Every structure is written in structure tokens, then in C-alpha cells.
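**Student:** All chains, please: the whole structure from these sequences, using the hints.
Protein chains: 2
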Amino acid sequence: MDKNSAKKKGIHLLELLLKRKSGFLSGAEMSAALGITRAALWKRINALRGKGFVIEASKGKGYKLVSTPDLSAEEIKTSVKGTLGKEVIFLRRVNSTNDLAMKLAEKGAPEGTVVIADSQRKGKGRLGRKWHSPPNANIYMSVILKPNILPKDATLLTLVSAVSCASALKELTGVDVRIKWPNDLVVSDKKLGGILLEMRSEPDRILFAVIGIGINVNMKLTDFPADIRTFATSIFKETRKKHKRTTLVAGILNEMDGKLKILKKTPEVILNEWRRLSSTLGRNVKVTSGKETFIGLAVDIDEEGRLILKTPDGSVRTISSGDLTVLREHTAVQ
Amino acid sequence: MDKNSAKKKGIHLLELLLKRKSGFLSGAEMSAALGITRAALWKRINALRGKGFVIEASKGKGYKLVSTPDLSAEEIKTSVKGTLGKEVIFLRRVNSTNDLAMKLAEKGAPEGTVVIADSQRKGKGRLGRKWHSPPNANIYMSVILKPNILPKDATLLTLVSAVSCASALKELTGVDVRIKWPNDLVVSDKKLGGILLEMRSEPDRILFAVIGIGINVNMKLTDFPADIRTFATSIFKETRKKHKRTTLVAGILNEMDGKLKILKKTPEVILNEWRRLSSTLGRNVKVTSGKETFIGLAVDIDEEGRLILKTPDGSVRTISSGDLTVLREHTAVQ
Numbered sequence: 001m002d003k004n005s006a007k008k009k010g011i012h013l014l015e016l017l018l019k020r021k022s023g024f025l026s027g028a029e030m031s032a033a034l035g036i037t038r039a040a041l042w043k044r045i046n047a048l049r050g051k052g053f054v055i056e057a058s059k060g061k062g063y064k065l066v067s068t069p070d071l072s073a074e075e076i077k078t079s080v081k082g083t084l085g086k087e088v089i090f091l092r093r094v095n096s097t098n099d100l101a102m103k104l105a106e107k108g109a110p111e112g113t114v115v116i117a118d119s120q121r122k123g124k125g126r127l128g129r130k131w132h133s134p135p136n137a138n139i140y141m142s143v144i145l146k147p148n149i150l151p152k153d154a155t156l157l158t159l160v161s162a163v164s165c166a167s168a169l170k171e172l173t174g175v176d177v178r179i180k181w182p183n184d185l186v187v188s189d190k191k192l193g194g195i196l197l198e199m200r201s202e203p204d205r206i207l208f209a210v211i212g213i214g215i216n217v218n219m220k221l222t223d224f225p226a227d228i229r230t231f232a233t234s235i236f237k238e239t240r241k242k243h244k245r246t247t248l249v250a251g252i253l254n255e256m257d258g259k260l261k262i263l264k265k266t267p268e269v270i271l272n273e274w275r276r277l278s279s280t281l282g283r284n285v286k287v288t289s290g291k292e293t294f295i296g297l298a299v300d301i302d303e304e305g306r307l308i309l310k311t312p313d314g315s316v317r318t319i320s321s322g323d324l325t326v327l328r329e330h331t332a333v334q
Numbered sequence: 001m002d003k004n005s006a007k008k009k010g011i012h013l014l015e016l017l018l019k020r021k022s023g024f025l026s027g028a029e030m031s032a033a034l035g036i037t038r039a040a041l042w043k044r045i046n047a048l049r050g051k052g053f054v055i056e057a058s059k060g061k062g063y064k065l066v067s068t069p070d071l072s073a074e075e076i077k078t079s080v081k082g083t084l085g086k087e088v089i090f091l092r093r094v095n096s097t098n099d100l101a102m103k104l105a106e107k108g109a110p111e112g113t114v115v116i117a118d119s120q121r122k123g124k125g126r127l128g129r130k131w132h133s134p135p136n137a138n139i140y141m142s143v144i145l146k147p148n149i150l151p152k153d154a155t156l157l158t159l160v161s162a163v164s165c166a167s168a169l170k171e172l173t174g175v176d177v178r179i180k181w182p183n184d185l186v187v188s189d190k191k192l193g194g195i196l197l198e199m200r201s202e203p204d205r206i207l208f209a210v211i212g213i214g215i216n217v218n219m220k221l222t223d224f225p226a227d228i229r230t231f232a233t234s235i236f237k238e239t240r241k242k243h244k245r246t247t248l249v250a251g252i253l254n255e256m257d258g259k260l261k262i263l264k265k266t267p268e269v270i271l272n273e274w275r276r277l278s279s280t281l282g283r284n285v286k287v288t289s290g291k292e293t294f295i296g297l298a299v300d301i302d303e304e305g306r307l308i309l310k311t312p313d314g315s316v317r318t319i320s321s322g323d324l325t326v327l328r329e330h331t332a333v334q
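Chain order of the listed sequences is E and G.
With this note's numbering applied, the first sequence corresponds to residues 1 to 334, in that order.
With this note's numbering applied, the second sequence corresponds to residues 1 to 334, in that order.
Don't read these hints as lab results, they were simulated from the structure.
Be careful, since some hints might not be right.
If chains are identical, the list can't say which one is meant, so a pair holds when it fits in one copy or spans any two.
Unchecked claim - Listed below are the simulated EDC-like cross-link pairs for lysine to aspartate or glutamate, each with C-alpha atoms no more than 20 Å apart in a straight line:
1. Lys130 with Glu106
2. Lys241 with Asp153
3. Lys191 with Asp223
4. Lys244 with Glu111
5. Lys259 with Glu303
6. Lys265 with Glu292
7. Lys21 with Glu273
8. Lys264 with Glu292
Predicted model only: the values in this text are computed from it and were never measured.
**Tutor:** The structure is reproduced here in C-alpha cells:
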């Protein structure tokens, strides 16, 4: 196979190594498959080693992949099936993955480009709040989308992302991840993660959107700042096991890829999944939206993702955004 | 007055010259007022001359402002009364004033910063369409806003800008400028200008918005490309007179400044002004929105600026955005 056809078929060194899981792969075979010289192959092997991949070399037998690092752009790229994650920018440390993704989108980065970082200096939550982003533990990633929807429907992107994260995490770790309206991932009402949607738009079109996803994966309880320790959790805390971030990231991206396609055709399917995974509906809540505060029973979300609240006086309020607190179960509001 | 207090009071050389309209101002007096040396004054006088200001110097009498250029940042800054236009970036030629303003806002440029250009290489209209932007004739400017409103209300910014442009142009030139929903300035149904709103937002807040304003001022009919000549007009074409762009720009900015304050407190006042200036309401129109086309009588706009259409079958449609054509009066649609 010559170099061009290898490139066209998108065959990468890591894919070759991953396919031949337990055995050795000869240098000659690999050079041929990739359409490169033995010297170039050697360089690429070493580049991967520099990124934390452990590759055994044995004279006469060739190369064997012993282990992959916890987080790498290369393994994410080879693990995704759709558009999301085909391009991955991985950085040890960044101010904010969302800010960088917005800048790259501004410069024309294609849909599905993912920015992921091991840690963030200025991790952001909704409304400019801080997102605690220590290294070597969690997922901080941002996905560039160019969705053909109206700005008024943008909240649907938050919902579809939350549904994708909750589903993928449940499948891969067994943790019962739920969604707190509008954009939090929770486990037994403790915060596991969040979604931050930012976009550039005109009134009648979204030029691009960036979905920021932060998930506490391998953090220990003691690593949380004291003030949020009681309200937060991590996959590690829930399972007592460390989880490989690359696997979770790829799982989430694949799930999002599929669900974004469903959103285009049948948004009600996504809304129903959201309802099923919600930790909010059917409970008494307090919502602060700008200067207003509403208390009531969260009865549903509408087709734009707005929360429908039944207030104690029997009236119905539709709230497009805000901070929600679940009230203690014995607080009677109606 | 020392230099600092002169700076604090914001007294500028141009202001001094403009105040003393018809007489001379002595160099000593000016140096003292600005808190600078005679040599520094001389430098500044020459800098203004380089920008097209004609300043007469007479031995013993001092300086006299003879004329100001058609368009300059300095004169806009001294002519505005509020926040809008206190910072002005004027460029001979730019790709797009909106793109530059978005970049500057991204970097923290303050609210009210105005980007204005004599010509644009890639002038933009709605939905990425081209905006014809030849030099030495028209207004192409973008205003950075940081409005404390929800993204769903963003269209109100387009409406308030259109109302401000129409009012200011009418007052300063006498032309009966009307507004075609959602964002066109028209005279007798011919296109005089347009508003392009872009923003960066999260679902529940606008981080910043940029209002792009394009107005055909001194263009002649023959300067228009042949394909748009029949549908377009300019202030010059309507009045047979050239108009100073700086005056119009400052007039629009002052009008917008006032109306944005009104919008905050009593948005219905702005909606009513829009209704009064509308060329759309009460007429039979065709609106193309995405893949859908609606025909009907434009009866009103709602509190978010959406067009309310009464269709021939008697039903009512609310349209948030689209391309509108006024149907010929004898086309009966209901």
C-alpha cells in the first residue's frame, strides 16, 4: 500500500498496534501498511512513547503495544466512530477549553473538533462561574458544532449533551448519572459534572456552538475544595475504581454523535430521554432566574427545553434558564 | 490647567477648535488648556491635518479650524453625548467592521466601542450575504454592546438600531426612512441600509453583541452594481445632496444611546416606535424562513420582535426570522 492510499484510508500507527492486541507486529509489515520507511516508523513509535504509550520492541519479532496513557488525542481519534473527535487537540494545561474551542471555531475549525485538557487554569461554569479543574483526574473538553438550528433552540444542544454524557457514563461505569435542569450531571443529587454551551450567532442562525463538558472522574473526595466537598461527587467516589478517561471521552463522543443525528430528525425522542434521565421532574424546586425566584413543582420541559413549573397558587410558569435547587422532600409547596 | 486635569475633563484639541468656530485660538491658550507644550501642540495640529482637517495657522493670531474631513474618529468622538462612540476605531479599509468588532469585543473592548471603515473588502449582510461596500461614500460601522438581556430578546437590539437609524436619518436629512422587517432600512420600498446583529452568548446570557450598520449615503445610482440598482437607493439619490458622514454617524449613535436606555425600562415604547416607522405592517407579504414560505397580511410584531402574519386561511403565524418581500398591492391574499 503506498503512502497516499494509507493516508486516504486513515490508517494510523496506533490503529495497527491496537488491532494486534496481544501479539507482535513486524516492522516490515507496519512500514508497508503505513507506506513509510522503517526510519520514519521508528520516529513515530518514539513519538507515541513520548506521549505515554508503552511499546515493546523485540528484535526479530517487531513491536507490541503494552499500554496506552490515561488520556491521549491519538487513542480518542482511533476510538470514535463518527464526526465528533475525528480532530482532537489535547493540551496538558489550558486557560479554558471552551475559550480555545471558540477561538478555533472562529478561525474555521471543522465541526466535531474536540479540545481536551488535563487541567484548566480558568475553567468556566455557567454565567462566568469558576469550574474547579485540577490535573490528572477529570474530563474537561469542548466540542465544536455547526448545528443547523435556530438560536432559540440552542438549549436543545445542552440537553442532548447531558443525555449523551449520562447514558455513556452509566453504560461504561455503572453509575446512575442523572440530569439536573438545565445543565448539571448529578448522582444522588451531588454534582458530578456540567455542560456549558457557548455560541456565536445572528438572530436567525447559529454560526457555531461550543459544548463544554466537565466531569469529575478520578477525583477523590479530599481533592475537592472544602466548600464544595459536600455537594460534589466523582465517578471514582461512586465506584471506588479509577476509570480510563480516554474510554469515557470516546464513549461520550460516540453517544453524542448518534444523539445529535436523532435530534435533527426527531427531537421529541431526545426530550423523552432527557425526561427519563432527569433528577428534576416531579420534585419541588426553587429556581432563580435573573432577579426573579420561582418555587413550585417541576412538571415537565417544553419543546425548547424550558422548565415548566406549577406554582403553589396553581399557575404555570415556563422558565428558560436559571439556577435550580431541589427542595427537601417534606417542603410542601402545593 | 495641568495635563492630568485636562485629560480627566476629556478636553481634546479638536473640541477646543470646534468650540471657537469662526475665530482664531492662540497657541498659548491652547497649550495651557490641554496642559501640553507648544511643541506638542504643533505635533497634534499636524496629526489632525494628516487626517484631513484643514487648520489655518496665522502668526500672532494662532490657529483656526477651516474644515473637517467627511469621516473621522476624532470628530465622531467629540460629537457623541453618551457611551456609544466614546471609543472609535476608524479604518480606511477593513474586511468587515463586524468581524473586527467581534474580535475586539472578544479581547475585552468596552461597551460602546465603534468600528467604522471607509470601505470593506468583505462587507457582510444577514446569513453571510455580501454587502456592497465601496469607498468614499457610505457608512459601514459596528457598535459593541454588552446588553443585560436574554438571548431570546436579542432581536430587540436589531429593532432599536433600526428605529434609531430611521429617526436620526429623517431628522438630519429629511428623508422618510422606513423599516422593513426584520432589519432593512428602506425609502419607498427601496433598500437604503441594513442592520446585522451578531453576538456571543450562552443560553441564558449575552456575553456581547455587535450591531453592524450599513447605510448608502453618498452613492450615486450609477455606482450600484447593475443587479441591485433597481432595488437600492441612497441618501444622495433621495435628496440630490451630499451629506457629511460624521454628522450622520454621530446622530445615529446619539439616538441609539438614548433609545437603548428606553429599551431597558420600557421596551414597549421602542416597539411602538418601530410599528410607527414600519413599512411592513398592514401589507401583504411573503416571508421565506429556512425551507418554509409564508404568505399573509403582516399585522404586528410581538414583544420579542417576531412578525405576526395572518394567513389567507385565517390562521395566525408568528415568525422569528426570514426574508420578506412586500407583495404588489393588488395581490389579494385574504
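**Student:** It remains to establish, for every hint, whether it holds in the given structure.
**Tutor:** Now for the hints, and whether the structure bears them out:
In this homomeric assembly, Lys130 and Glu106 come within 20 Å of each other (Cα to Cα) only across copies, at 19 Å, whereas the closest approach inside a single copy is 24 Å. When the C-alpha separation of Lys241 and Asp153 is checked against a cutoff of 20 Å, the pair qualifies neither within a copy, at 38 Å, nor between copies, at 46 Å. Within a single copy, Lys191 and Asp223 get their C-alpha atoms as close as 15 Å, which meets the 20 Å cut-off; across copies the closest is 61 Å, which misses it. In this assembly of identical chains, the alpha carbons of Lys244 and Glu111 never lie at most 20 Å apart, being 25 Å within a copy and 45 Å across copies at closest.
Taking the closest pair of Cα atoms, Lys259 and Glu303 come within 20 Å of each other only inside a single copy of the chain (16 Å); across copies the shortest separation is 34 Å, beyond that limit. In this homomeric assembly, Lys265 and Glu292 come within 20 Å of each other (Cα to Cα) only across copies, at 16 Å, whereas the closest approach inside a single copy is 35 Å. With identical chains, the CA atoms of Lys21 and Glu273 are never at most 20 Å apart, being 36 Å at best within one copy and 71 Å at best between copies. Taking the closest pair of Cα atoms, Lys264 and Glu292 come within 20 Å of each other only across two copies (16 Å); inside a single copy the shortest separation is 33 Å, beyond that limit.
Of the numbered hints stated above, those contradicted by the structure are hints 2, 4 and 7, listed in ascending order.
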